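In order, the protein sequence lines correspond to chains E and L.
So for the first sequence, our numbering puts the first residue at 385; every next one is plus one.
So for the second sequence, our numbering puts the first residue at 13; every next one is plus one.
Certain hints may be false.
Lysine-lysine pairs mimicking DSSO-like chemistry, simulated, CA-CA at most 30 Å apart [stated by the list, open to error]:
#, chain 1, residue 1, chain 2, residue 2
1, L, Lys82, E, Lys463
2, L, Lys65, E, Lys463
3, E, Lys483, L, Lys82
4, E, Lys493, E, Lys443
5, L, Lys69, E, Lys483
6, E, Lys441, E, Lys483
7, L, Lys65, E, Lys483
8, E, Lys426, E, Lys493
Hints listed in this document are in silico derivations from the structure and should not be mistaken for laboratory results.
As the structure is a prediction and not an experimental result, all values here were calculated from the model.
Spelled out, the chains give:
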Amino acid sequence: EDQVTQSPEALRLQEGESSSLNCSYTVSGLRGLFWYRQDPGKGPEFLFTLYSAGEEKEKERLKATLTKKESFLHITAPKPEDSATYLCAVQGLTGGGNKLTFGTGTQLKVEL
Amino acid sequence: DAGITQSPRHKVTETGTPVTLRCHQTENHRYMYWYRQDPGHGLRLIHYSYGVKDTDKGEVSDGYSVSRSKTEDFLLTLESATSSQTSVYFCAIRGQSNQPQHFGDGTRLSIL
């Protein structure tokens, strides 16, 4: 069974204070690891897909990295608008239709 | 933004009543998904569809049924709602196999 664990559950940062969110996973053959951002009252918004260990993706202040056991979402010099819940999900080899297994998320609050 | 519309956005109903949630897409994507999101749990897959009239169960399918008679519409039905089905329901769509899932903004369902 595929599993995803995200840490920390909640993180409070000052504006400009860089940090990292962790996503640890076990999966029966990784087809893809996905990061989403979710704002209150909204659906998850796609950020990145990572496919293999060593891969990195960047978008503005966010950078996602991947190893064989975990992924990190690095947030550089965050701003209050980066406040959201960040979700990690994996897609394994088993299961049809590209099913995703999600973690419970990290709730990020960036303060002035 | 992906063209996904969920309706209704909010619903309050009583135990034992039938409930149908609708997901409508304008992207002509093949795959459609229904998830539920509850505190302490990640998004959990209820059912998914890989084409018109082609559906399959997810990890929490008991008490739910789905139908897809047109590419653009995917319906989720609770035949006899229970309080344990109080949740936020999200629809997602996906095109080709190398593309991520994109989510609607959810339906908040309360069953009293």
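Q. Within 30 Å, alpha carbon to alpha carbon, are Lys65 (chain L) and Lys463 (chain E)?
A. violated, 45 Å
Q) Given the hint that Lys426 (chain E) pairs with Lys493 (chain E), does the C-alpha gap stay at or below 30 Å? A) holds, 17 Å
Q) Keeping to a limit of 30 Å between CA atoms, is the pair of Lys441 (chain E) and Lys483 (chain E) held or broken? A) Given pair Lys441 (chain E), Lys483 (chain E) holds - Cα atoms ~22 Å apart, limit 30 Å.
Q. Taken at face value, is the distance from the CA of Lys82 (chain L) to the CA of Lys483 (chain E) at most 30 Å?
A. holds, 21 Å
Q.
For Lys82 (chain L) and Lys463 (chain E), compute the direct alpha-carbon distance and say whether it is at most 30 Å.
A. violated, 43 Å
Q: Measure nothing beyond the straight line between the CA atoms of Lys69 (chain L) and Lys483 (chain E); if it is 30 Å or shorter, mark the hint as holding.
A: Holds, because 11 Å separates the two Cα atoms, which is no more than 30 Å.
(Q) Check the hint pairing Lys493 (chain E) with Lys443 (chain E) against an upper bound of 30 Å on the C-alpha distance. (A) holds, 19 Å
Q. Given the hint that Lys65 (chain L) pairs with Lys483 (chain E), does the C-alpha gap stay at or below 30 Å?
A. holds, 18 Å
Against the hints set out earlier in the document, violations occur for numbers 1 and 2.
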